[in-house]
Amino acid sequence: MLEAFQTFFRELADTYPKWNFIFFYDPSQWDRVISGLWVTIQLSVVCVILSVLIGVGGAWLQGSPLRLVRNFVAGYIQFFRNTPPLIQLLFFYFALGQFTPTYSPDGWLEVPIISNVGWAIISLSFFAGAFNVEIFRSGIESVPESTIEAAESLGMSRLQIYIYVVMPLAFRVSLPALNNNLVNLVKTTTQALAIAVPELLYEMVSIYNDYSTAQNASMLVLFVVYIVLVGILVLGMNRWERSMKIPGYGS
Amino acid sequence: MSMSRAKGAIPGVTGAAKTDFAVLLPYRAGPSGAAQSLLFSRWMTSAQPWVLVSLLGIALLWPVTAMAQSNYSLTQATDALWRWMPFLVVGGFSQNILISFMTMAIGTLGGVLLGLWQVSKLTPLRRFAWFITQLFRNSPWLVLLFIVMLAFPFEIKIGSTIIAIPDWMKAVFGLSLPIMANISEIVRGAIQSVPTGQWEAAESLAYSRSQTMWRIILPQCFKRMIPPWMNWYAILTMATPLVSLLGVEEIVTLSRQAMEAEDNHPELLMPFYGFALVIFFAYCYPIARITIALERKFQVKL
Amino acid sequence: MTDTTWTSDQPIVSINDVHKSFGELEVLKGVSLDVMKGEVICIIGPSGSGKSTLIRCINALNDIQAGSIKVEGLEVHDPHLNKLELRKKVGMVFQQYNLFPHKTALENVMMAPVLVLKENKADVEKRARALIKKVRLEGKESSYPGELSGGQQQRVAIARALAMRPDVMLFDEVTAALDPETVKEVLVTIKDLAQEGMTCILVTHEMGFAREIADHIYFTDRGVIVEHGPPASFFESAKDPRTREFLSQIL
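Chains as they are written, first to last, in the numbering used here: chain A, -12 to 238; chain B, -4 to 297; chain C, 197 to 447.
Pulled out of the complex, with its shape left as it was, chain A reads as follows (with noise of 0.2 Å):
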């Protein structure tokens, strides 16, 4: 089966030499394929998460008595919200990474601590975080002010009411736009080539460097796995966003 599958991308490449798809009959080129998939999809993962602890944090330090504590949430939010991610990216790991301490390994190669895939999760975290501020927080403050008195009548501590009774209320009702701004991370991801992070669209970029003839299969595949990869997650939201419509909330 897998050989067949091979032998015929083998022969599309030969009478059609614009449309070869090496990296479906070249196990290297394939390895090259799915180490980026692979690198895409940690990175997509692993800064949602953090973004949305980003969030949550943020959210509550807004709640702040504190006016320092306010404002330096609010900086933070505009900074990251009216700059170019790309160029958030570039000052992250040009800028900002030179001055990281470096150590020594094997006493010649002076590696950073923070890695160019260190500082993309970094900067595209904070990225998405500065929004997940924005919708956490309308989303605590549709928790009704009674239910919140209703909770601190009853003897819960500022503590336990953000984390039994605001927090799963404002989540909940804060899914569609969280879901809306989660999707746009995963698509921002690809932004990480700018500073040579192994994404899938560095990898399949380097295929073609190197197989000029590949530009076409590659470019194909590539736009292929995105819809894909962003289609799942959206119809995924889509499907989950319906089991949770809110009375008073869109339409």
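Worth flagging that the hints you see were computed from the coordinates, not collected in a lab.
Nothing here was measured: the structure is a model prediction, and the numbers come from that model.
Ideal placement from N, C-alpha and C gives every residue a C-beta, glycine not left out.
Keep in mind that the hints are not guaranteed to be accurate.
[Stated by the list, open to error] Okay, the calculated bits of chain C under chain A, using three or more residues with CB under 8 Å as the criterion:
#, region
1, 278 to 287
2, 290 to 302
3, 305 to 311
4, 348 to 358
Assemble the complex: chain A is given as a structure, and chains B and C must be docked to it using the hints.
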């Protein structure tokens, strides 16, 4: 009493409440109902300038102290930036603006068409438009850019004349695809937000469908569409640096070239990339303010 | 100052010359009243007269600028007061958005004793079921607030407040947001509670109900107690012209 209920479903929170006694406040995404699309501008304008400046100051503390120890001083770096600034702005940022204008123009044309097709009575047209819209809305912009730029011919032959298509033009086409899809959604949303009473009134006055569309519905939609349209323009402008990854000349590529000419001192990175961030902010912030002001002005009163 | 030698022959709630302002606006202008153990007090009056504010001050949901409120000898507005001690003695039911929408009726009732009083879960469950039965909602334990009518939700709220074994129950216009049909079921529940000897302080518009169960009625207007008395004399022969005007408008 047994309740057949989906796992995790909570009436009143995750589904409709069976009682009209309110269980939860309605989730307000913004002042107006369709505000999801305006979140970007709204968030941008809620900034207080001093907050951003002080944050930048704090962020710069660490690198500045490190810089103080190097040979190439901060003053030299800022001098270099000062020298290169006209070049960056006129040669670089102006390209970003040009690309954004042209992309918005083409994207709007295509988007309006797609939007109208999405509400068409002809099912194949509607399906096709819906498919294209979803396809380009959900694709990463950078991937689309790559595909268009690689696939596009670098010159077109019309008759006996050969027109060379510059790189930035290809980038414009690449970026206009997702813009087109998003504008299509704005148009569709605006048309669908017009009360059905309008359609029925027009029908009873013997207007044909296209007459209704062009004379009654669209003029009302026009105002509603402007704020989200401007919002997407701001988002698009933020996305123009992507074209630098494909070799198109704009502010990021020119910044890199300038730093090369200055012997690539690492101390240059902060001022140069920082300047890029600042100039984008300076351009997009007023647009966001105008967008919010327009939205308030065009607030639909029913 | 907290007096730890409270005995049941002293007022269980003692409000003494309380002044409360919201910024510039003074809402309570020197209110005093005493409630003995087992008494049922109804506070009536036009909107803005300060009745809701007063009742919230008893539970430390609002602070006061002058005067004192003592519950079983505990000075409510003592800055060193352990709020939990107060909340164990005072239970409160609000006008709406009382319950936690993401928990079932049973979980709502059980939540506070388990989280705050740290009682054994099995014991709490037994007690919670008994309370739900007491408010005549047997069979609705696994229903969510979104599936219950307004009257049913308020009854669960009463059960939930009772789960903390308070000595005083506060009711802040609990039937104001309900349909006329469901008002009755809530009033019956409160009446049962009163007849069992619970000290109740109600802010209400239900004059017929007040006349039926109250031991004492207070009329507030513009931040002061204008007139008070047992229901019979209060409704038949009100002395103050303001009282008479208010009663004539609503009866």
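Each hint, compared with the structure:
no. : hint       : result
1   : 278 to 287 : holds (count 6)
2   : 290 to 302 : holds (count 9)
3   : 305 to 311 : holds (count 3)
4   : 348 to 358 : holds (count 3)
Comparing the model with each numbered hint stated earlier shows that all of them hold.
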